[in-house]
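*Asks:* For the record, the sequence lines run as chains Y and Z.
Position one of the first sequence corresponds to residue 29 (my numbering), numbered consecutively onward.
Position one of the second sequence corresponds to residue 29 (my numbering), numbered consecutively onward.
Treat the hints with care, as some may be off.
If several chains are the same, the list does not tell them apart, and a pair holds so long as it fits within one copy or across any two.
[Unchecked claim] Cut-off 25 Å, straight-line C-alpha distance, at most; resulting in silico cross-link-like pairs (BS3-like, lysine-lysine):
(1) K113 x K177
(2) K179 x K243
(3) K177 x K104
(4) K261 x K243
(5) K177 x K261
(6) K104 x K261
(7) K104 x K179
(8) K113 x K179
(9) K113 x K243
(10) K104 x K243
(11) K197 x K104
Simulated from the structure, these hints should not be mistaken for laboratory data.
Number of protein chains: 2
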Amino acid sequence: MYRIQDILDRLMPAESIEQTVDGLVIGRPDEEVRGIAVTFMATQAAIEQAVSLGANLLISHEGVFYSHRSDGNTLKEDPVVWHKKHRLEELGLAVLRYHDGIHRETPDGITSGLIEELGWQDAVCEYQPASAVLELQAATLGEVARLLKVKLNLPYVRFTGDPLMLCRKVGVLVGYRGGGELAIPLLREVDLIIAGEGPEWETPEYVRDAVYQGKSKAIIFLGHGPSETPGMKRLARVLRVAFPSLLVHVIENEPLFHWI
Amino acid sequence: MYRIQDILDRLMPAESIEQTVDGLVIGRPDEEVRGIAVTFMATQAAIEQAVSLGANLLISHEGVFYSHRSDGNTLKEDPVVWHKKHRLEELGLAVLRYHDGIHRETPDGITSGLIEELGWQDAVCEYQPASAVLELQAATLGEVARLLKVKLNLPYVRFTGDPLMLCRKVGVLVGYRGGGELAIPLLREVDLIIAGEGPEWETPEYVRDAVYQGKSKAIIFLGHGPSETPGMKRLARVLRVAFPSLLVHVIENEPLFHWI
C-alpha cells in the first residue's frame with residue numbers, strides 16, 4: 029500500500045529543488061494511492077478521465093490553472109477556475125504538478141522521452157541541460173517534418189526553412205524553449221531545431237534571415253504539448269517500475285487547436 | 029525636402045515615451061529621406077526590397093535582430109546578425125524601430141489597423157489600452173476563422189473552441205497579447221478572442237476547459253505578424269498624409285511558417 033507521500037518522496041526527494049512549481053496542488057500526502065494517471069495538462073477532460081480509470085492521483089506537467097506559476101489564486105474569482113477547483117474537490121482527486129523535477133533530471137526526462145518516442149536514442153551526440161544534439165541520417169526538412177507529424181500523431185506541424193534543405197545535425201528543445209535565447213546559439217551548431225513553441229519574432233525570424241543569406245537552418249514547432257507528452261509517458265513507465273503494485277495510466281490530451 | 033529627424037519628430041515627439049524600444053537602429057537623423065518603406069519585420073528580404081523601391085528609410089515594427097529589446101549586441105558574434113548588419117551598412121539603409129509609439133496611440137494604432145483591415149470599425153464597442161471589444165453580427169467560430177483567413181490572406185489560422193459556437197462579442201488582442209494575463213480576464217466579457225500569439229498553456233488551455241464546462245468561449249491565433257501588419261499599413265497611410273511629397277511603400281512579409 030502506498031500513500032501520496034511515497035510518490036512525493038520518489039519524485040521530489042527532500043534534498044531536491046528548493047524553488048519549484050512542483051508539488052501537490054490539491055490532495056493530502058497521507059491519502060492512500062488507488063491508482064495514478066499521468067498527463068501533460070490536467071485539463072478538465074483529463075481529470076474526469078483519471079477518475080473514470082480509478083485513479084485518485086493525477087500527475088500533470090503544466091499548471092492546472094492556466095499559468096506556469098499561479099496556483100489559481102490570482103484567478104480565484106474566475107468562473108472556469110472556480111468550476112475546476114470545485115469539481116476537483118467533489119471528485120476527491122489529488123493533483124501533483126510535476127514539471128521542474130523531470131526537467132532537471134540528467135538528462136532532462138522530458139527531452140529523453142521525446143527522443144525515445146521518436147526512436148532516436150542512438151543518434152544523440154550530446155545532452156545539454158536544456159537541449160539535446162543529435163546526428164540523424166540526412167533527410168530533407170520536409171521529410172523530417174512529415175516523420176514527426178506521423179510519429180507523434182499530430183494534426184499539423186509548423187516550420188520555417190526550405191522544405192528541401194538537407195538536415196543532419198538536429199537540436200531538440202522541448203516545451204517553451206524555442207525562444208531566441210536558447211535556440212539561436214544552438215543553431216550555430218545544428219541545421220535544424222525541433223522545439224515545442226516560442227515567440228514568433230525570435231527564432232523563426234532568425235531562421236528566415238539565415239535562409240535568405242543562403243545558410244541551411246530551420247526550425248520545426250511541434251506545439252508545446254506534443255513536444256512534452258512523450259516525456260510524461262516516459263514518467264509513467266518509470267513509475268510502473270518504482271511502484272509495481274500500482275496501476276499507472278497515461279492520459280493523452282486531445283489536440284489543442286483546430287487548423288483551417 | 030525632409031530629413032530622418034522630421035520623421036522622428038512626427039513619430040516620436042520629445043514629450044513622448046521615455047523608456048522605449050523605439051528609435052533609429054541604424055542611420056543618421058540628418059540624412060535626407062528619399063523614400064520610406066514600412067513593414068512588420070525588417071527581414072533581410074524586406075531590406076533588399078526597400079532599397080529596390082528607392083527607399084532609404086525602413087520602418088519596422090519588430091526588432092531587427094530577433095529580440096524585442098536587443099539591438100543585436102548580445103548576438104554580435106552571430107554570423108546571421110553580422111551579415112545583416114553588414115548588409116544594412118553596405119546599402120546605406122536607415123532603419124527605424126517603431127513599436128511602442130504606435131501601440132500607445134489612443135486607440136492603439138496597431139489594433140485599429142487590424143480592425144480597419146477587417147472593415148469592423150462600426151462594430152467597436154470599446155477601446156481598452158491593450159484591446160478592443162467589438163460586437164459582431166452573430167457567426168460561428170468556424171465562419172469567423174475562415175473570414176479572417178480570407179480577409180488577411182493567411183495560409184492557416186489556429187483556434188481553440190467549438191467551430192459551431194456562435195460568436196457575437198469579440199476581443200481583439202494584437203501581437204503577443206494572447207497570454208493569460210490579458211486574455212483570460214477579457215474572456216469574461218467576450219465570447220471570442222482574436223489574438224496574434226501567446227503561450228499555448230495559458231489562454232488556449234483555459235478555453236479548452238471553459239468549453240468542456242459548457243461555456244461559449246474561443247480563441248483564434250492569427251500569428252504575430254498577420255495581426256500587426258495591418259497596423260503598419262495604417263501607419264503608411266498616416267505618413268502619406270503627413271509627408272505628401274514622400275513615397276511611402278508597404279512591404280508585406282511572406283508567411284513565416286510552412287504548415288504540413
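*Asks:* For a quick check of understanding: which of the numbered hints are violated here, in increasing order?
*Replies:* 1, 2, 3, 4, 6, 7, 8
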